[in-house]
Amino acid sequence: MPNVLNWVGERLPVSGEQFRELTNEPVPYHLKRWWFALGGTPAYLFVVQIATGILLAFYYEAAPATAYESVRYITHEASFGWFIRSVHKWAATLMIAAVILHQMRVYFTGAYRKPREINWMVGMLLLICTLMVGFTGYSLVYEQLSFWGATVGANIADTVPVVGGFIKNMMLAGETYNVRTLSRFFVLHAAVLPVAMVMLIALHVMIIRLQGVTEFKFEDEGKGVPKTFNFFPDHLYTELIMGLLLMILLSALATIFPAAMGPPADPLTTPEVIKPEWFFYVAFRWLKLFTGTAAVLSMGFIVFVMFGWPFIDSWIRRKTRFQEASVWIGIFGVLAIIGLTVWEAVVRH
Amino acid sequence: MATDERDPADSSEDGPDRRKFLATASTTAMAAGLTGGYGAFGLIAGRFLYPARPDERQWQFVAETGRFETGDSLLYRGPSGETINVVRQGNAGGAEDFIALSSTCPHLGCQVAWEAQNDRYFCPCHNGTFDARGLGTGGPPGDAGMELPRYPLKVDGGLLFIEVPVDQLADKTGEILDTRSVRPPAGEPLGIHGPGHDPCLACDGQSRFDRKA
Amino acid sequence: MTLETKRIIIAVLGGLFLLSLVFVQWLETARRAEEAGLRAPHVSVPANSKDCVDCHVQANPGIIHHWRGSTHAEKGVGCVECHQAQDEEADAYLHYGQTIATVVTPRDCSRCHTIEGEQFAASHHAKAGNILASLDNFLAETVEGARLSFNPHSPTPGKAVDMVNGFASAFSGCQQCHGSKVALQSTDGGMITTDELKPDADGIPTDLDAVGKVVRDENGRPLFHPGTWPNTGIGRLNLDGSRGSCSACHSRHDFSPRRARQPENCGKCHLGPDHPQKEIYEESKHGAAFRDLKDDMNLDARDWVLGEDYSAAPTCATCHMSGNLRNGGEVTHDPGERISWTNRPPVSLVMDTDINHAIVKETDPEKRRALIHDSAEDKRNRMKDVCSHCHTPDYVNSFYHQYDDLVVLYNEKFAKPGRMIMAELVSQGIRTKTQFDEEIEWTWFYLWHHEGRRARHGASMMAPDYTHWHGMYEVAERFYMELVPQALEMADHAAETGKQSQARAVRQVVADILARPEHAWFEGGAEGEMAKIREEMEKRYGQGKEGP
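Protein sequences appear in the order of chains A, B and C. Heads up, the first sequence is in this note's numbering, so the first residue is 454 and it goes up one at a time. Heads up, the second sequence is in this note's numbering, so the first residue is 6 and it goes up one at a time. Heads up, the third sequence is in this note's numbering, so the first residue is 295 and it goes up one at a time.
Please note that a few of the clues may not be correct.
[Stated by the list, open to error] Reference excerpt, derived from the structure (chain A facing chain C, CB under 10 Å, subset only):
(1) 693
(2) 698
(3) 700
(4) 719
I should point out that these hints are in silico values taken from the structure, not numbers from a laboratory. Quick caveat, the model's predicted, so the values are computed rather than measured. Cβ coordinates follow ideal geometry from the N, Cα and C atoms, glycine included.
If we strip away everything but chain A, and leave its shape as in the complex, we get (with noise of 0.2 Å):
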């Protein structure tokens, strides 16, 4: 035993010692509270989502005439299908919901502010990327909500001025859904958005490891406390209480409520009642709010706002009194959120 380590020692010359050190970044001790380890659970949740996504993609074709058939082929008759597609699933739902959550805590601790305004804009880079993965993924199924939810975001694309053609057009490969449709949305869901995130996430914590995760201190704690503990292997062990509690959470969930399919896609005909995943219902509302254009420009100016909130926050502190403008803000934000989704969810149309 000693002999291989030795021969692998020489060839890779890291040695524990070395390792602990490039691993063992000192973590803040406010992240023994673990509503701070928000940022770490998307990060598992998308690893979770890589592994499902690829032993789906082995069954999965992407092309109209086949999709329902493999996806139905991966519920119904694969070993243990039904299981992999629900966790994918649920894994998503939570994701999402994890992303959201991080994001939350990041704007309301105020960890957005110099010098962190670019891991900021990364962050909502990576939750631009996660719900456009969470449509692209729902889109594959090739379901009725499949189907529609891809022609109705088009359009909603097309209405954007000037550029709006040139995307819907992107995104359909023709003016319409057709057959060339759904291998876009599966490149997207499964290869160019996943290496995306990939770059962003390593991005995202680089730039964490570089600046040191923002330090906070409560009031409970004692003076004797230290600033930081050990990433290896305490603040690890967290995190793999972390996985492991999604683990079983995500396997509970696959099994109490499985991903069903809904009727396959039938161009012919629309759902008398249509609605996204739970995710896109704030969107969905707003666009039902206000008509066309306007509707899509003050979405994209709201995310254009929210992209750029720490210079505007900045602004606002340096110019105003107000200097918890932002945490008021925040809140109106959150409730109108939460207000349009659960409107969204209540009514029929």
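Starting from the known structure of chain A, arrange chains B and C on it as the hints suggest.
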């Protein structure tokens, strides 16, 4: 959680042996837990990738036994595409009268043909030969003691059934490619082509007789 | 938290994760076993129906086994979901802790199947119970039976018959197809129906006196009037004010759509001498194709869309109810939506319907247009959508041409003249208003109600033998050999009894009809026609007798 000890050695009142034991035991338990949980997930993933029901077999209807007389044969293609020679060799009235042999040579997968004059199956690829029971008699199959694979048959109510693999992709039923010497159900024209069949079957999946028809 | 504690927590959680995956494996194994047919599909009895199933599987195993094979069972719809009732309902009773009702009505089914319920309620099917004041009902209750109970004619050895129920023919005959007016027994010896209960919009009775009079057994279970229940007639008048019975077609307790898609299901009622739709279908190419290709019909398909799930042959449901590719797969539970003629009455009517789905009888074109809500043309186009899956437009249009011509021929040559003669007999006081007490009334009934419908239905669904030999041939014979002579005979009889002018009027009507060119052959002879026929026969068969 806030009153955690950063260095277990500081706060522990236990002796060093006990501490060491605790550390080892908990590390082992943790490793076991992680291996058990993620290992099982890995197994499930592996099982998901392995084809579901790779060798599912089903009984398929072939023909009415009344259509066969001793010596008659037909060529049958199972639902998953394998070609099978079904021959009547006896007249006892049960499934043992019949023999169903794959027409695919076990050597390298060419299609064997029946040669009535030599009373043998002949494989054109490497001159392999088999007797009427499917045992290799010459060429590479004979040397290696290979046999043409046999398929189970049963007779139920005058109908002959064969047990063949069922592929999810394929139609759920097999088909008779070539009735040859077997008489068709009343009313159909009798198509006698003599025993033995077309080695070209493997080339394009179509029998010479089909094309003629 | 010490590192040890964390490690132990990880170990425990890892174990729990493993356990949850073992549960997953267990589910997978169960699923496999189910699929391999080693086990019946897993039907979990819904919790609130568990007691029902436990007891009734002993008492009436058939009900439970039937239900277990249903989609309802698969989806967790148990006994209580359908049989549940509100305390206020007249037929509700407490049954081992659940308030239930025996009869499940379309109102109950509509709790989930809302659209189907609405379509059905708008259909002619739902109005089939209106027969209760019709000619057919008069036949069953008065002519065949009696609207009273009467003493037996003489003793029946071995059975003590003390009273004869005059309604028996109506109960077992008419109402089993048309639907009964479901009745509870009343303490005053009468019946309590929806008329007495006066249910409100939610089906809750508003006449509490009537509810109070319901006879109940020692367990509090209300007693039904046995003539009106059991009954699955399609237009049943239920106690909650709803009309119809879903189980007329979706027989309980498996409610199989597969069965409702097959002609035998409709054949419970649509058969026999007066409307042999089932036999007509069987004679047609459509029926022959179905018998042959039944295996290709994909009858178990979920939506069963013509052109997508099957196209081997049409059944009754295919043309009149089911979805097809051209209409977007939309099913209707109103079979009248695609029917352009009604051949039910003595004279066929065009199916222009008003907002209440009643046929528009207005003759003024302007007013007519204003009243029409759904025209016969619309209905026909819906049917043509179905036809065109297998037939070209020219073929379909020409078929409708043939069909229209036959209906119009029947209407104009026999039905309208016949109706005119019958009306004249009444208005001249030669015939009584009571139906079926005079021979000519039976003659006329046979002409339109049996033979005339056979001819028209035969033409509508491509059964030539029903159109001709069972249809128009018999109509003609009935008209010339019975209706006309009987009318003249009645006129003669009237003349003998001093009604000279009245008899003259009737004779004049008959004479006017027979003088029309289409009837001229009857009295004027048709020697020229016969000569032509003889010539043709000789050419064809080499002989020239009266016929082949």
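Does residue 700(A) hold up as a contact with chain C if the rule is Cβ-Cβ below 10 Å? With Cβ-Cβ at 5 Å, under 10 Å, it holds.
Does residue 693(A) meet its interface restraint, that is, does its C-beta lie within less than 10 Å of any C-beta in chain C? holds, 5 Å
The hint names residue 698(A) as touching chain C; please verify it with the least Cβ-Cβ distance against 10 Å. Hint on residue 698(A): holds, closest Cβ of chain C at ~6 Å, below 10 Å.
Holds or violated: residue 719(A) as interface residue toward chain C, Cβ cutoff 10 Å? holds, 7 Å
Hint check: no violations occur; every hint is consistent with the structure.
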